[in-house]
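**Q** Listed below, chain by chain, are the residues.
There are 2 protein chains.
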Amino acid sequence: VDDDALFAVITRQRACRQYRDTPVDDATVERLLTAATYAPSAENHQPWVFVVVRNATARAEIAGSMQRAWETAGRAYSETRLTPAVLGDVDRGMTGGFAGAPVFIVVAGDAQRSAKPTLPSSIFPAVQNMLLTATALGLGSALTTIATVHAGELARIVALPEHLVPLAVVPVGYPVHPLAPPRREPFSEHTHRERFGNPW
Amino acid sequence: VDDDALFAVITRQRACRQYRDTPVDDATVERLLTAATYAPSAENHQPWVFVVVRNATARAEIAGSMQRAWETAGRAYSETRLTPAVLGDVDRGMTGGFAGAPVFIVVAGDAQRSAKPTLPSSIFPAVQNMLLTATALGLGSALTTIATVHAGELARIVALPEHLVPLAVVPVGYPVHPLAPPRREPFSEHTHRERFGNPW
Chain W
1 VDDDALFAVI TRQRACRQYR DTPVDDATVE RLLTAATYAP SAENHQPWVF VVVRNATARA
61 EIAGSMQRAW ETAGRAYSET RLTPAVLGDV DRGMTGGFAG APVFIVVAGD AQRSAKPTLP
121 SSIFPAVQNM LLTATALGLG SALTTIATVH AGELARIVAL PEHLVPLAVV PVGYPVHPLA
181 PPRREPFSEH THRERFGNPW
Chain C
201 VDDDALFAVI TRQRACRQYR DTPVDDATVE RLLTAATYAP SAENHQPWVF VVVRNATARA
261 EIAGSMQRAW ETAGRAYSET RLTPAVLGDV DRGMTGGFAG APVFIVVAGD AQRSAKPTLP
321 SSIFPAVQNM LLTATALGLG SALTTIATVH AGELARIVAL PEHLVPLAVV PVGYPVHPLA
381 PPRREPFSEH THRERFGNPW
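Residue numbers (the numbering used here), protein chains in the order written: chain W, 1 to 200; chain C, 201 to 400.
Keep in mind that the hints were calculated from the coordinates and are not lab data. Incorrect hints may appear among the rest.
Short derived list, chain W residues pointing at chain C, Cβ under 7 Å [to be verified]:
| hint | residue |
| --- | --- |
| 1 | D3 |
| 2 | A15 |
| 3 | Q18 |
| 4 | L33 |
| 5 | A35 |
| 6 | V86 |
| 7 | V149 |
| 8 | H150 |
| 9 | Y174 |
| 10 | V176 |
| 11 | L179 |
| 12 | F187 |
| 13 | H190 |
| 14 | F196 |
Label-pair ranges, simulated between beta-carbon atoms [as the list claims (entries may be wrong)]:
| hint | chain 1 | residue 1 | chain 2 | residue 2 | range |
| --- | --- | --- | --- | --- | --- |
| 15 | C | E362 | W | G96 | 35 to 41 Å |
| 16 | W | T57 | C | T272 | 46 to 52 Å |
| 17 | C | E394 | W | L179 | 27 to 33 Å |
| 18 | C | E271 | W | G197 | 30 to 36 Å |
| 19 | C | T280 | W | A159 | 28 to 34 Å |
A quick note: this is a predicted structure, and the numbers were derived from the prediction, not measured. In this text, a Cβ means the ideal position worked out from N, Cα and C, and glycines have one as well.
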């Protein structure tokens, strides 16, 4: 039963790129963050730091920084690699869609708690717990990392000290439209038995 | 309902460090890997590569490499930072516990699909989906990254070409003992409002 319920959430989780301005209350944010803290981390160091941003000016600054990073760097890399449909989706998020979310959760890793190279493996599972919980609650969310292209700017906006490494910004809010199912290749195209090159 | 079922799985997921030799069948492995592929990835590049290792010799080689990395590098860093209880847990996994799992899933990121700096944010959410699904199915699992200290060795064992970056090894199997609840600090100790330094 748990497995089916979990699988149903996992298989419908998807990046939301258009948000209603309906507020998200503290209890809901607390549920997302509690879920995040149950993720594994290297040797249980729990190096996650969350800054919950509701202030409209700060959100606009962060979204603006993301948009600039996309337009000056990300897009050129992606243009040749994405289908027009996926590129359109990403564009929509970067150029205003994410900006509409009423809450941004800035996620950083504490380099004083855990060695720097271990931070991503300790932080992104926590983010995934957050995204799944948002999905189960009917909220939209997305894992974005492009704000880390201008990490210093992001750190300044939310006053992160030097030893906290910003790794993600998660917009959270209610979706304007129900999200379509995610598009994924079958696992078997990515899976090998015993050694790479020996397909599943 | 989905939210409660999900939260129940999320809050009992924990690293398993002692495994039965009961085999894990293909259908179960497929469920874990399907769940993994529903995770988000940068621009939906899906850069994950899974090598499912059941061969006892290969598993022993991987576990041996992990143990050496722990004894020659990891342990010295951690000794001063962990409580004796947590250090004992980690020791148990590294010096034989993980080695007992009947399946190792080596997880790599494809640097030809997605820019290298985006690989961790695209791979670790997939690993978390795998761990949660394992938990829901009554399986033990763990997110380990220490094998990447000797990445070349790991790549050789499972024949990964140059452009596939190994990021994690996930042992999977049935736990010898029921897992105790995870030990976590409350989210509020890690959470700030609007700016770092303004506690939740």
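**Q** Given L179/W as an interface hint, is the shortest Cβ-Cβ distance to chain C below 7 Å?
**A** L179/W check fails; min Cβ-Cβ to chain C is 12 Å, beyond 7 Å.
**Q** Could you tell me whether the CB distance from T280/C to A159/W stays inside 28 to 34 Å?
**A** holds (29 Å)
**Q** Does A15/W pass the interface check with chain C, least Cβ-Cβ distance below 7 Å?
**A** The hint holds - A15/W has a Cβ within 7 Å of chain C, the shortest such distance being about 6 Å.
**Q** Please check whether V176/W passes as an interface residue: C-beta within 7 Å of a C-beta belonging to chain C.
**A** Constraint on V176/W not satisfied, violated at 19 Å.
**Q** Is the hinted range of 35 to 41 Å satisfied by the C-beta distance from E362/C to G96/W?
**A** Since the Cβ atoms of E362/C and G96/W sit about 39 Å apart, the hinted range of 35 to 41 Å holds.
**Q** Does the CB of V149/W sit less than 7 Å away from some CB of chain C?
**A** violated (9 Å)
**Q** Restraint: L33/W near chain C, CB-CB cut 7 Å. Satisfied or not?
**A** holds (4 Å)
**Q** Confirm or reject the claim that T57/W and T272/C have a C-beta distance inside 46 to 52 Å.
**A** holds (50 Å)
**Q** With 7 Å as the cut and Cβ atoms as the points, is F187/W at the interface with chain C?
**A** Holds, about 4 Å.
**Q** When the nearest CB of chain C is found for D3/W, is that gap smaller than 7 Å?
**A** holds (4 Å)
**Q** Taking 30 to 36 Å as the hint, is the beta-carbon distance of E271/C and G197/W inside that range?
**A** holds (32 Å)
**Q** Hint validation: Y174/W versus chain C, beta carbon distance must be below 7 Å. Holds or violated?
**A** Because about 15 Å separates Y174/W from the closest Cβ in chain C, which is outside the 7 Å limit, the hint is violated.
Figure legend: structure checked against the earlier numbered hints; hints not met, in rising order: 3, 7, 8, 9, 10 and 11.
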